[in-house]
Amino acid sequence: MRRVYGPLARFVLVGLLAASVGAAPAEAQNVIKLGNLVDLTGPTSDQGKDIAQGRTDAVQYINERGGVNGKKLELVSVEYGFQPPRAVAAYKKFVEEDKVLLVLGYGTPDTEALRPYITKDKIPYLSGSYSGHLTDPRQTPYNFPGGIDYTSQIRIFLNYVKETWKDASRNPRVAFIYADNAYGRAPIESGRAYAKEVGVDLVDEEIIPTILTDATSQLLTMKKKDPDFAYINTNTQWVPVVLKDSYKLGLKTKYVVNNYGLDERTPSLAGPAAEGVVGIQDVAYWGDSVPGMKILMEFHQKHHGTDTHASPYMRGWLWVIVAAEAIKRAGNNPTGESIKNALESFKEFDTWGITPPFTYTNEDHRPTNRARLVMIQGSKIVPMREVSVDRSMKWIGK
Amino acid sequence: MKCGGFRVSYRADERIFDTILPIVGVVALLAVLCVVPRFATTYWLDVLNRIGIAIIGALGLNILIGYTGQISIGHAAFLAVGAYSTGILEVNVGLPFYLAIPLAAVITSGFGLIFGIPSLRLRGLYLAIATLAAHFITTFVIVHWESTTKGVLGLMVPPATVFGLPLDSDARVFYLIFALVAPAILFTKNLFRTKVGRAFIAIRDRDVAASVMGVNLLRYKLLAFVISSFYAGVAGGLMAHHSRILFPDSFTLLVAIDYLAMIIIGGLGSILGSIFGAVFMTVLPEVLKLTATSLTGVYPQAFGLIASTRDVVFGLAVIFFLMYEPQGLARIWVRIRSYWQLWPYSY
Amino acid sequence: MNEQLVFMLQLIITGIAVGGVYSLMALGFVLIFKASSVVNFGPGELVLFGAYVSWATILQMKLPLPVALLVTLLVAIGLGIVIERGVLRPLIGHPIISVIMVTFGFASVIRGVLNMTWGSDTRPFPVLFSPEPFHLGPVPVSPVHLWSFVSVLILLAAFSLFFRFSKTGMAMRATADNQQVALSLGISVKWIFALSWCIATVVSALSGIILGSVRGGVDFSLADLGLKVFPVVILGGLDSVAGAIIGGVLIGVLENLSGGYLDPIFGGGVKEVAPFVALVIILMIRPYGLFGKVEIERV
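Protein chains in written order, with our numbering: chain A, 2 to 399; chain R, 1299 to 1645; chain E, 2 to 300.
If you're looking for bench data, these hints aren't it; they were derived computationally from the structure.
Mixed in with the good hints, there may be bad ones.
[What the hints assert, rightly or not] Capping the alpha-carbon separation at 20 Å, the derived lysine to any residue pairs in SDA-like fashion look like this:
no.: 1; chain 1: A; residue 1: K224; chain 2: E; residue 2: Y262
no.: 2; chain 1: A; residue 1: K100; chain 2: R; residue 2: F1438
no.: 3; chain 1: A; residue 1: K253; chain 2: E; residue 2: P141
no.: 4; chain 1: A; residue 1: K224; chain 2: A; residue 2: E198
no.: 5; chain 1: A; residue 1: K163; chain 2: A; residue 2: K100
[What the hints assert, rightly or not] Computed Cβ-Cβ distance ranges for the label pairs, DEER-style:
no.: 6; chain 1: E; residue 1: V83; chain 2: R; residue 2: Y1396; range: 52 to 60 Å
no.: 7; chain 1: R; residue 1: T1492; chain 2: E; residue 2: I155; range: 56 to 64 Å
no.: 8; chain 1: R; residue 1: Y1473; chain 2: A; residue 2: R193; range: 56 to 64 Å
[What the hints assert, rightly or not] Rough simulated footprint, nothing fancy, chain A against chain R, three-plus residues with beta-carbon under 8 Å:
no.: 9; stretch: 1332 to 1341
no.: 10; stretch: 1391 to 1400
no.: 11; stretch: 1606 to 1615
Only a predicted model underlies this, so the values are computations on that prediction, with no experimental measurement involved.
Just so it is clear, CB atoms sit at the ideal spot from N, CA and C, and this is done for glycine as well.
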């Protein structure tokens, strides 16, 4: 064994050198690189897997059709386990070594952490985080949330409560149930303010921690305040737990879940506890009859037909479609800045029907103010109606 | 020709550098380090910065675990205290970095003192579990004391300024970090030729016997925790200036386990081991990332598969080293070195 | 009954129910420690393993339930042998820090392998228990929790009898006491180690199945629960089976009570940290827990 060490050490050293040299920036002018941050091993890995797959597939699809303006797209993918320091390190590499023109971001903490960097480097950042804090171009000119922001969603919830409430003798009572992290907290302050504005009583807030065994004590505390409605803004995997515990306790509260929390898997994960639960749908579900779904399903069938997919997969495609369109509009020599300007030229851009059309302007980075309310009935997700909130500048950046 | 360690005076025995050659080597290394920022890309500077921070942290942990034999899984908590203290002192109190970092390190030492107290009554396993609890309690405080730490929303730290020049890029922070790494290493080396260092080693080897010999266990065990957390405080403060935004998520239990892996893979009770371990654990994920990225270019569909290899590789590396080379990379280095030194009589 | 009392009762009973799950996980931990003095710092990953394998056998391979459970248990036994033979055996006699690290190591490997094999998205867990709660007075309890508590009690009884009266059980206790003497009496210490790990992995697999049922789905966050084992075993005693059970229940109750009463004051999160505060307090006053063997671990 001893004799092996010398040569082994040399081999490892050479290997490391080779890897670092091999990763030197590619010469190709015919390739446009996009940074890709994904969580495949951390707390949101259940979403991350589908998102990564969606992005990969969309890029492959576009490249099979000749790419964008004749250039192929290339994803520089980094798995960061939802740890912001790793995301920051990956970003530095994206900018310095890979010279990406756009980053497909992921989680709220890392997206918010990178705000000053991307503004300085002028790299457009299309994020999976829909935090309201990313929507004001005056503060974060290069951040573009990839869907209807959480603040607009909580306003949709409060509007829904107001509309559905029939008892004139008192105001409806609501509670917020949210995750103990930047993502969960993002819309809460605006939610409190808006509740006051529309005359809804916020009676309780419950925090769901990152490690959850069961939510009974939180729900029991909430039960004391007896809210009529509750908004769930937690990590996806806790939604079924909250719903099931609520069902067990026989709570009468009606739940509305944010866009990430409720998807095609919720009915099977939560069972009968999911009946009557309302969700805010931002992106088409697998198999919905929208124009783009046929393309996605064909591609999926061709390449990995045995997998199952849920809405995060659609989001992966969506963000690449948006990015590709922006790059196309930026012309033959796209730069970070020209892509950003291109994004801000989006007016009712049709995302293959996967979402309501996107509009970004140089004053408002909220892509859309429309969504759909769905309800789980008979273990199926049933669409209810389209809803929207006004694009009031009062809520921008919050 | 001189054979082995040929020393004729106490003075010579205590010397850190025996001959001229190591001193020349160190000076050359320092010179190279000074020039590196001019050539390296931000990415590699970032990696080097993280290595520098890890070296300081690993040295601290090795003092506690490798030299004094006290087990602690709470290192991430100490780093967090150091980092957040630095951030808070700079943001809320307005101290400049050259006051904030030392002060934060002192605060962290105080913290270490408190968590060192259980070490007086508990040994081995129980101490490990106690430090685990300390970690969770610290995280809880950081997350919920929002008025000061901004909790999960992240604490932004302004760049340190040296004579008006803001250290806001990796190249500049590099100098700050390595300006502290060198003294840290030197201090550690010096520590172990003093009475204190020898007391630590005695405690590790057989604490009851040490106390019989007159080593005050209370004093020296606490001192080990204090010194170790001072290092962690400095490392934390540097982390604050390197990433400039602090999240509770940056200090999870995984960080503590990473540091443990550093000193175990590197070599317990060895300064060189701490350095090797720090380099290894920082570079390993980067190598994996590079491999994953280049492979993904060829097999995009395999991204998911490749990404999860990080855990497997980490686990296997730890297991491999523990089984086949329990004294770590430092031992391997010593072996390689003595192989060359004694060639052709390599036995 | 007045409202306050009902509230507290609900918290307590839920705590007992949830505590049953903790007890199950702690049981796996204690069994390993009892026989081989090895501390497993990766209990969560073993639970995760059980959850995924049972999911795979029931839903992916569509085996009938009893067969699936049997296969899961057999695979768990296999894992136990692999861990013991491949990883722990070479480390006998090494300092405790190495053993701790190696358990972190293989926990990481299990995690990575599971991720590579099945990916990280949430898989709905087959419905093994009815979701309709049944009522203990004014307090609803879900059947899953009830069943986990019942199975914990059964296991408690079984293991207590096993360790007290069976030859193998006594051999295990002897090995834990003093390996050399056990060897000299003709006990195959190697077998005992392997056996204890296998029992532990089987029990962890059971916890995985139960946790999967409680959650409704399996995903990687199951592993994070593993760390909760520590307050339980410290409270109950690292080498006491009865301690694991009682400790689990007590910690479950403590969690829920602090969640119900303290969370509103602190804005959440107390529920998770309370067991660890309790852990520190216990370590300071009575480190060997309620039922652990009184060893001189102090200086």
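Exercise. Mind listing which of the numbered hints don't hold for this structure, in increasing order?
Key: 2, 4, 5, 8, 10
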